[in-house]
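For the protein sequence lines, the chains are L and X, in the order given.
Counting along the first sequence from 1, when you hit position 50 you're at 32 in our numbering, and nothing is skipped either side.
Counting along the second sequence from 1, when you hit position 174 you're at 156 in our numbering, and nothing is skipped either side.
Derived by calculation from the structure, the hints in this document are not laboratory data.
You may find that some hints are simply not true.
Same chains, same label: a pair holds when it works inside one copy or across any pair of copies.
Unchecked claim - Here are the computed lysine to aspartate or glutamate pairs in the DMTMM-like style, where the Cα-Cα straight-line distance is at most 20 Å: (1) 182 to 151; (2) 61 to 88; (3) 12 to 113; (4) 162 to 55; (5) 134 to 56; (6) 134 to 32; (7) 162 to 56; (8) 134 to 55; (9) 164 to 55.
2 protein chains.
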Amino acid sequence: MSDVSVTVVRNILEAQEKIARINRALFDSKGVFVINLMSSPGAGKTSLLERTIAALKDHFRIVVIEGDIQSQEDALRIKRLGVDAVQINTGGACHLDANMIQSALEQVSLDGCNLLIVENVGNLVCPAEFELGEHKKVMILSVTEGDDKPLKYPLMFQKSSVLIINKIDLLPYVTCDVDKIKRVVRELNPQIEIFEVSCKTGEGIDQWLEWLKNQISSFKQ
Amino acid sequence: MSDVSVTVVRNILEAQEKIARINRALFDSKGVFVINLMSSPGAGKTSLLERTIAALKDHFRIVVIEGDIQSQEDALRIKRLGVDAVQINTGGACHLDANMIQSALEQVSLDGCNLLIVENVGNLVCPAEFELGEHKKVMILSVTEGDDKPLKYPLMFQKSSVLIINKIDLLPYVTCDVDKIKRVVRELNPQIEIFEVSCKTGEGIDQWLEWLKNQISSFKQ
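Bound-form chain L, shown alone (with noise of 0.2 Å):
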């Protein structure tokens, strides 16, 4: 690249931290605990909301940031279950940013809300570049991508807190080593929790349910 688009491009993203950072302090001022969710484009994410909103709607106000190049498909799911959404349209682009979430707080109260997800755009790539200003990414991936991924899309599995490995129900038709996939991930990112769920059958959500009040609880104090 030339000096002139190195300078835009640095400009951009240091715009865009800054817009990170006052999103992350209204947060912080409102008590609210913002999760950054994010996988493959069918990995899961809108199922594990739907899982994770039935079970937790009625100990906490949640609202949702529904993150998609077009279609307001996925904020539609979630207002069905009882709880604010807000859809933001990228057209085109493959990620969230700061600006953009910003626009969409405009639209929704945090009053009394103990926990924003954001689902981001369905990407393994660029959405672990951006900072929106939350406090935790989680990430997701499915069994049936296959056990190469974190060596091929190593950064989400490095700035993530969380990866859930989802659809396990199918580990018996696909080939996928778990306990491949864990290896490696702990070696790109020791301190990473892991959850082996399945959004279809329930199981294994219940450690990811306690992962997250016990982070909501400890937000509040």
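With chain L fixed as given, assemble chain X onto it according to the hints.
Using the frame of chain L, we list chain X on its own:
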């Protein structure tokens, strides 16, 4: 974006389009039919390549360019099948561009080559926006990704000449309406060819190979 950044982005895209045209002219002059193979991570690009190479390598000279953020695993998988493969590591970038292809072509001879397959980075978004100089874009969607993906990620479905719906052996175990996928995709792109396959069992692969052999033969004439 500022005027300066718009200009910079436009200049980068124009430079890329120019290199794509140079790549295309090289492919045409060598009589090489070139496919840009795209999908989400883990949808089955490398598995389709393995099936395709095994079936066609005794009839055509095939070369593969493997695009990954990092790791050499896919090029090694392909070289084991006895064809030339060049690995591109994008070092973070979520898609291949024409410039990367031009560099990769310095590492392999296209003399006598009939078919060049470029396996793009696993990403259902950005790869569709970058012309590499290819003749046809071919995309894979796995049934495990769900039937809502064409509506949520329309650009790749609009730009591809072929959609391969993979992992149909898993249909008894997942919630995915293949007829809905086909209906929505044909609304987005009436000309698209759709093949339903299982790279695991081999079901449906023959129709894909038939299409590919016809393309190579038409191109040589």
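A quick look at each hint next to the structure:
1. For the homomeric pair residue 182 and residue 151, the shortest alpha-carbon distances inside one copy (8 Å) and between copies (18 Å) are both at most 20 Å.
2. Only within a single protomer do residue 61 and residue 88 lie at most 20 Å apart by alpha-carbon distance; the minimum there is 18 Å, versus 53 Å between protomers.
3. When the C-alpha separation of residue 12 and residue 113 is checked against a cutoff of 20 Å, the pair qualifies only within one copy, where the shortest distance is 19 Å, while the shortest distance between copies is 46 Å.
4. In the homo-oligomer, the alpha carbons of residue 162 and residue 55 lie at most 20 Å apart only across protomers (15 Å), although the nearest pairing inside one protomer, at 35 Å, exceeds that limit.
5. With identical chains, the CA atoms of residue 134 and residue 56 are at most 20 Å apart between copies only, with a shortest distance of 9 Å across copies and 28 Å within one.
6. Proximity of residue 134 to residue 32 under the C-alpha cut-off of 20 Å is restricted to the inter-copy arrangement: shortest distance 18 Å between copies versus 29 Å within a copy.
7. Taking the shortest Cα distances, residue 162 and residue 56 sit within 20 Å of each other only across copies (17 Å), while inside one copy they are farther apart (32 Å).
8. In the homo-oligomer, the alpha carbons of residue 134 and residue 55 lie at most 20 Å apart only across protomers (8 Å), although the nearest pairing inside one protomer, at 30 Å, exceeds that limit.
9. Only between protomers do residue 164 and residue 55 lie at most 20 Å apart by alpha-carbon distance; the minimum there is 18 Å, versus 32 Å within a single protomer.
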